[in-house]
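K.L.:
With the hints as your guide, set chains B, C and D onto chain A.
Chains as they are written, first to last, in the working numbering: chain A, 3 to 306; chain B, 3 to 306; chain C, 3 to 306; chain D, 3 to 306.
Calculated directly from the structure, the hints in this document are not laboratory data. Please note that the accuracy of each hint is not assured.
Unchecked claim - Computed footprint of chain A on chain C, listed as stretches where at least three residues anywhere in the stretch have a Cβ under 8 angstroms from a Cβ of chain A: (1) 48 to 55; (2) 105 to 112; (3) 257 to 265; (4) 294 to 304.
Note that beta-carbon positions come from the ideal geometry of N, C-alpha and C, so glycine has one too.
4 protein chains.
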Amino acid sequence: MPLTPEQQAEIDEERAQTRTTRRVVSEGMEEHLYTAYPVLDHGFVRVIDYMGDDNAITQAARVSYGKGTKAVSNDEGLIRYLMRHWHSTPFEMCEVKFHVKLPVFVARQWIRHRTANVNEYSARYSILDREFYIPEPEVLSAQSTINNQGRGAVLEGAEAARVLEILKGDATRSYDHYEEMLSQDGQDGLARELARMNLPANVYTQWYWKVDLHNLFHFLRLRADSHAQYEIRVYAELMCQLVKDWVPFAYGAFEDYRLGGAQLSAKGVECVRRMVAGEEVTQETSGMSKGEWREFMGVVSDPG
Amino acid sequence: MPLTPEQQAEIDEERAQTRTTRRVVSEGMEEHLYTAYPVLDHGFVRVIDYMGDDNAITQAARVSYGKGTKAVSNDEGLIRYLMRHWHSTPFEMCEVKFHVKLPVFVARQWIRHRTANVNEYSARYSILDREFYIPEPEVLSAQSTINNQGRGAVLEGAEAARVLEILKGDATRSYDHYEEMLSQDGQDGLARELARMNLPANVYTQWYWKVDLHNLFHFLRLRADSHAQYEIRVYAELMCQLVKDWVPFAYGAFEDYRLGGAQLSAKGVECVRRMVAGEEVTQETSGMSKGEWREFMGVVSDPG
Amino acid sequence: MPLTPEQQAEIDEERAQTRTTRRVVSEGMEEHLYTAYPVLDHGFVRVIDYMGDDNAITQAARVSYGKGTKAVSNDEGLIRYLMRHWHSTPFEMCEVKFHVKLPVFVARQWIRHRTANVNEYSARYSILDREFYIPEPEVLSAQSTINNQGRGAVLEGAEAARVLEILKGDATRSYDHYEEMLSQDGQDGLARELARMNLPANVYTQWYWKVDLHNLFHFLRLRADSHAQYEIRVYAELMCQLVKDWVPFAYGAFEDYRLGGAQLSAKGVECVRRMVAGEEVTQETSGMSKGEWREFMGVVSDPG
Amino acid sequence: MPLTPEQQAEIDEERAQTRTTRRVVSEGMEEHLYTAYPVLDHGFVRVIDYMGDDNAITQAARVSYGKGTKAVSNDEGLIRYLMRHWHSTPFEMCEVKFHVKLPVFVARQWIRHRTANVNEYSARYSILDREFYIPEPEVLSAQSTINNQGRGAVLEGAEAARVLEILKGDATRSYDHYEEMLSQDGQDGLARELARMNLPANVYTQWYWKVDLHNLFHFLRLRADSHAQYEIRVYAELMCQLVKDWVPFAYGAFEDYRLGGAQLSAKGVECVRRMVAGEEVTQETSGMSKGEWREFMGVVSDPG
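Okay, chain A solo, but in the shape it has when bound (with noise of 0.2 angstroms):
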């Protein structure tokens, strides 16, 4: 359980209280807001604000001054030709803020992501919790054998238990350690910025992120994708559903165009074109190496 009663008792008065505004409002979102809706052990995601909705996107591609065009449709088709044709700005209009709390091993990748705004807790100025990520056995996995950077098979009982172990003791030592440097009792303790040094990269930290629409789906995209590191995936997966109550045209546009979409080089259109008219094509013929070719046969054949 990642929030203590006082934690939740704020954001409990905070969900209580509503306020009159001018601005647009996105009812789906509203039901989110302050909600740390849990990930992992003791992670969360909770939307802190938002700006804008669906017709925000449209209403700024048009540069109108009111609401823009009444039919609800036209502002649906024109938001997937927007996707379709890689227009960025007008999904820059809108903007989502978060309180993300996340193992730090996960925070590093996630900051890669640069451009986005940030306010992390410090661990220069105050002490972080005792609260570390230990994996569900379920998804304890060997190294893939075929990629460098992957998974491959859950490990074996016995394995996975010794890693447990491993994880859990280094991590209580560790911040058992952290607390004994940090002591005032006897001696001067040693300063915080230094002490957190001493601390394993599961461990918890959070932040305030703030991010546009665009690139928010950029980082969904990359991050709610089957070759992204599990622990980061179920952040991404749980914001995908909190961006659909959101900006639900925006969503499936993004969906249809980016999630479920497959990219094919000039080689694989014309290998593409080659089949749709009746040719066999082999990987000897299509000009691919074998990796190009995997993928590609990954894309147009059919998985079932």
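P.N.:
For chains B, C and D alone, coordinates are given in the frame of chain A:
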């Protein structure tokens, strides 16, 4: 008059509607929403949306679960501390979206601020209106004789009259020709993306411009400055008033530490110390060039 | 002819000098350095400086101490892999700086690409030259009747002649008036920052533009595309040739996976699978709108 | 010793090779190229590549065709003017690429500077080395009693010894366990992307970091400052020396106007004017808070 009755009606309709939200609300900013405040002869600035208030800045700085401290005075003190010590990320947690109508030559300066989101009215896709900026006589100035990049005295009557006649005549003729080239009456009609090249830089364009508070302050510091060109400065000055009502603590800190403050060089610090200690310092003994000394004296001497 | 003899002499002098460096050198790019390649009637592109080569991309991807692998073929394979899987940061490790002369309306499109560094010739500070873009008759097109944002057939002789006469006449008159307003002969002379507002959007400006290879590829993908306006496309096409000689492996991957490739939607992937499996698919059974289907068929059918 | 003999040989080989280029060369920077300058116990900074020199700054500011003015003194004056008046784009015309080895907790501060390009060694893909930052006794400090975010006095012998023992012991044990979990000897071996979570924040990582001079100055101003954490400051201070040899005029201006300068608030300007005019000003009559006054006095009084 920048707005047609239809546009004014659309704005009035938007202002008349209120909705319920769980988000934080800035009462000062709610009052401004959608209103088109006139700037120059045909331009305007209006706030389309905003995210956050003063409290959102300190909430992010503290990475807190709810509103954080109840004491408003603590918020102001923390905001001033953050501004004084060049903390930028908490101010990035507020966002604002404007609809701006402005002459093209102003838009070309404005767009140099890259950390913002922009959707501009497209002259490839649409036809621009017949609206041109013609300066008021009191801002029709000669080239400065001391600053290559600035204005000097206001032009005398006859010269001013000649200039205004030229500007008006050329604008009218250019727009007549623009319409003539576009016309499909008895001819094919030139493509819009080509015809627009005949329009001068004082034609009005418009855009949606979205920016976070930190980058907006950076923009305002440069463009509300007395060295900025008058035609962009009037936009910046109006926006200062809007920001003041939106985030009064943050704006107060910005006014004190940035707008009204001054940067001293290492040599300047040394000279101030000597002067405060009672020594008489001259340009010759200051180690500064003449230009630096003049600027330095502008800071440390009472202009009265 | 865009260059004065003095400018050409400066360029020749720069090209004549060689220096010794320990940095990596791209022989292909060295040949292009400083040369002003003409674009449109008065424009040009010239490379002022560059950083890195193909090897710099793989070296950064590997975070290696020296040149990394000796096998050049490994570099090409890795670069293709990185491009295929949307790795962007290794391509950001190469940087290039251009000096570009271009009409203002092209500059206004160009500057929308924000992730680049720009220093533009200042018309507040300096006086612009009497140079205007006047299209060649073969690119003087009518408004497209099927695409609001594009060109249709080339204009017929008489209409074309009228348009060219207008463009030339207005440019000449605007510049005459610009000079007249600036003149300090018997009058004070209008400030440069004001006088420039009379110049039309086909006047030439120039800038230094510096960008990393990843963002340059993004620019080239959008601007060397057949939907881009002709007047910016010719700049992009020329720059493609320069990049090809600078980083041939990266450019080859870009050409295959981006320029010549295509994006399929989730519905598009599904249709391709059905078509490859021998099914006949029509717009009605595709689940796509008419616009989407037309674009999809443009990808999967042989244009021959 | 941070480098293996193989790594040192690779560096030596790179340094031994020279090539011919038409590009501008900074002799001061050529001397530093590729050399790994040690920082902390296992870290280093080395310059991998650079673009531009002092002259490139003024050349871009002038948008000139060749070297621009021949008078070097004019370049220095212009560079100082640009720095004094917050012109940022000319400084963006220089670029530099570093290879840095640094503890993870330092990397986490560093990466908050977003306007830069980064390729970090991947612990998903590769196995990290057994190298941890262990502070020297003279920088092993207690928590500051006056500043929540800082260090106080150096720890006494016995407490320091206990801290060092903890840090060394935990690092050793964590790395032993990391290897044990990864081992495929008699077991499957945990995926690298999971095993890394057991490593503490003082483990070393490395990256290629590329940045333009304007943003590098911003980084150096914040991180070479006395309030920055010691462990990042030593990197910044070393980089200051490299930049000084690369672009001496720009660095001189940076040192004078930024590093050694001070920002006065509006109230501070007012107080300086009163003090210079001979008035005695106290905190009570200054209008400043106690904190502001203390910082202000730190600027205007001679520390001697």
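K.L.:
Could you run down the list of hints and mark each one as holding or not?
P.N.:
Verification of the supplied hints:
no.: 1; hint: 48 to 55; verdict: violated (count 0)
no.: 2; hint: 105 to 112; verdict: violated (count 0)
no.: 3; hint: 257 to 265; verdict: holds (count 8)
no.: 4; hint: 294 to 304; verdict: holds (count 6)
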